[in-house]
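The task is simple: from the sequences and hints, build the whole structure.
Quick note, the sequences are listed as chains R and B, same order.
Following my numbering, the numbering of the first sequence begins with 68 at its first residue and continues without gaps.
Following my numbering, the numbering of the second sequence begins with 37 at its first residue and continues without gaps.
Take the hints with a grain of salt, since some may be wrong.
Said to hold, decoys possible - Computed cross-link-like contacts, DSS-like style, restricted to lysine-lysine with a CA-CA straight-line distance of at most 25 Å:
| # | chain 1 | residue 1 | chain 2 | residue 2 |
| --- | --- | --- | --- | --- |
| 1 | R | Lys284 | B | Lys93 |
| 2 | B | Lys93 | R | Lys279 |
| 3 | R | Lys233 | B | Lys93 |
Source of the hints: derived by calculation from the structure; they are not laboratory data.
Just so we're clear, the structure is a prediction, and the values are computed from it rather than from any experiment.
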Amino acid sequence: MANPLSTLKRIYFSVYNWALVYGWAQVLYLAVKTIKESGIEHVYDAVEKPLFLSQTAAILEIAHSLTGLVRSPVSATLPQIASRLFLVWGILYNIPEVRTSVIVCSLVISWSITEVIRYSFFGMKELLGITPSFLTWLRYSSFLVLYPSGISSEVGLIYLALPYIKSSELFCVRMPNKWNFTFDSFYFSLLALAAYVPGSPHMYTYMLGQRKKVLSKSKRE
Amino acid sequence: MKVSVVSRSGREVVRGGLEFSDAATVAHLQEAIYRKTAKKFYPSRQRLTLPVQPGSKEKPVVLSSKKRIKDYADGNNVTVVFKDLGPQVSYRTLFFFEYLGPLLIYPIFYYFPVYQYFGFKDKHEKLPVQTYAMYYWCFHYFKRILETFFVHRFSHATSPIANVFRNCAYYWTFGAYIAYHVNHPLYTPVSDLQTKIGFAFGLLCQASNFYCHILLKNLRSPDGSGGYQIPRGFLFNIVTCANYTTEIYQWLGFNIATQTVAGYVFLLVAASIMTNWALGKHWRLKKLFDGKDGRPKYPRRWNK
Numbered sequence: 068m069a070n071p072l073s074t075l076k077r078i079y080f081s082v083y084n085w086a087l088v089y090g091w092a093q094v095l096y097l098a099v100k101t102i103k104e105s106g107i108e109h110v111y112d113a114v115e116k117p118l119f120l121s122q123t124a125a126i127l128e129i130a131h132s133l134t135g136l137v138r139s140p141v142s143a144t145l146p147q148i149a150s151r152l153f154l155v156w157g158i159l160y161n162i163p164e165v166r167t168s169v170i171v172c173s174l175v176i177s178w179s180i181t182e183v184i185r186y187s188f189f190g191m192k193e194l195l196g197i198t199p200s201f202l203t204w205l206r207y208s209s210f211l212v213l214y215p216s217g218i219s220s221e222v223g224l225i226y227l228a229l230p231y232i233k234s235s236e237l238f239c240v241r242m243p244n245k246w247n248f249t250f251d252s253f254y255f256s257l258l259a260l261a262a263y264v265p266g267s268p269h270m271y272t273y274m275l276g277q278r279k280k281v282l283s284k285s286k287r288e
Numbered sequence: 037m038k039v040s041v042v043s044r045s046g047r048e049v050v051r052g053g054l055e056f057s058d059a060a061t062v063a064h065l066q067e068a069i070y071r072k073t074a075k076k077f078y079p080s081r082q083r084l085t086l087p088v089q090p091g092s093k094e095k096p097v098v099l100s101s102k103k104r105i106k107d108y109a110d111g112n113n114v115t116v117v118f119k120d121l122g123p124q125v126s127y128r129t130l131f132f133f134e135y136l137g138p139l140l141i142y143p144i145f146y147y148f149p150v151y152q153y154f155g156f157k158d159k160h161e162k163l164p165v166q167t168y169a170m171y172y173w174c175f176h177y178f179k180r181i182l183e184t185f186f187v188h189r190f191s192h193a194t195s196p197i198a199n200v201f202r203n204c205a206y207y208w209t210f211g212a213y214i215a216y217h218v219n220h221p222l223y224t225p226v227s228d229l230q231t232k233i234g235f236a237f238g239l240l241c242q243a244s245n246f247y248c249h250i251l252l253k254n255l256r257s258p259d260g261s262g263g264y265q266i267p268r269g270f271l272f273n274i275v276t277c278a279n280y281t282t283e284i285y286q287w288l289g290f291n292i293a294t295q296t297v298a299g300y301v302f303l304l305v306a307a308s309i310m311t312n313w314a315l316g317k318h319w320r321l322k323k324l325f326d327g328k329d330g331r332p333k334y335p336r337r338w339n340k
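Here it is in structure tokens:
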């Protein structure tokens, strides 16, 4: 039997990954169900709780990366989590006006499909030690469509929220103050949008590289 | 002797290989590769290594341009692995542009009525601390540019061109971010005493930093050769990268005097970047100067 520390690690990651599979599967299920039964403008309300829970839990992944518990580089983990948290806690939580947009549907569906695949891939690896080739293929191929659809939804939602962010002056800090500090949510959101310009190709090409590495390796085996 | 040049995937980069005399240096090899590849891969773009056994975890041996090719050869033949580092820019060019940004951007916020475009009534009078801050800041970056051209001796002449965009974005953005806040019409100064202490401490650290750079320069010969040496004297007896230490404390002095969150954020980011570099350099030097084979053993510093 392997040393107790690596067993503990395996248990921890099995629990973590499968819990998130469950959380995101809920989001996906509720989203689709609500679209069919009630209409797109009710999707946010239906998925709010599991969405917030699952997405916020992902903060742990930054810690996993920083402490070296997982191999993923911080440069790929941080922008991913940052954009997710900005959308969920920054935009959706504070700007109710955008919750009824159809973009929310494309957003949560893109995210939830990606995450169900990703977490079950890792969950299989941790729990059973194997990854069925179909799941591997899904994990390293679905991003080809879901990254563009997810990223477009994120950018679209931020853009939609801009006028409300500007007028609400939420979280804005003005000068004068002792620490000469300013914060303007509107400019911050513009900066976030600008970050997608170098950020999206960076993430996409990172995944393309991973795909090439993993799929060619499994072909040779 | 015969040299065959291959890419990392095994493809021949120079068909048929190259012939050299025993006295030829790696620099000659690089020149020949440059000429034989339609003059695309100038020497600073080339990274030449000795092949590593597949599956070996060893880091490949990088060929030094000053050594003879024969020093790397086993007998009369040698295979070198070629990697294209991409378009390169000299460190001097890189540093010049990344420092020029802050040097020009900061005074723009001081001298020109920019705040009206942000919706503020621009006051023309600047507080004394704002004037001193501008002088301090500009002096700092002017010093850096002078050091780039007259003090620093670079071991690697060039850096990938992508770093120009990355580094300029870092310096120029933080420069504007800090300049905006310190020169703001609604800026709140700290006490006179705190301002004086901050700037005095900062200037002391800048002077120390300059002296550190002189000491580092003297470890190398003018053409940049000399490789790794043990830095000694002054604050180098306490820390391996005393130049980074003094630089970090110099920014602390600026922030004590000007007190902006923007300045402290910059201090935090800069300090973490330099700390990372310093740790890397410290471990590299400790590993190289292990006391074996006639090499000196790296002396104990504050963190051993």
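Mind checking the alpha carbons of Lys93 of chain B and Lys279 of chain R for me, to see if they're no more than 25 Å apart? Holds, at roughly 22 Å.
Given pair status - Lys93 of chain B, Lys233 of chain R, alpha carbons within 25 Å: It is violated: about 54 Å lies between the C-alpha atoms, which goes past 25 Å.
Holds or violated: are the alpha carbons of Lys284 of chain R and Lys93 of chain B at most 25 Å from each other? holds (19 Å)
Of the numbered hints listed earlier, the single one contradicted by the structure is hint 3.
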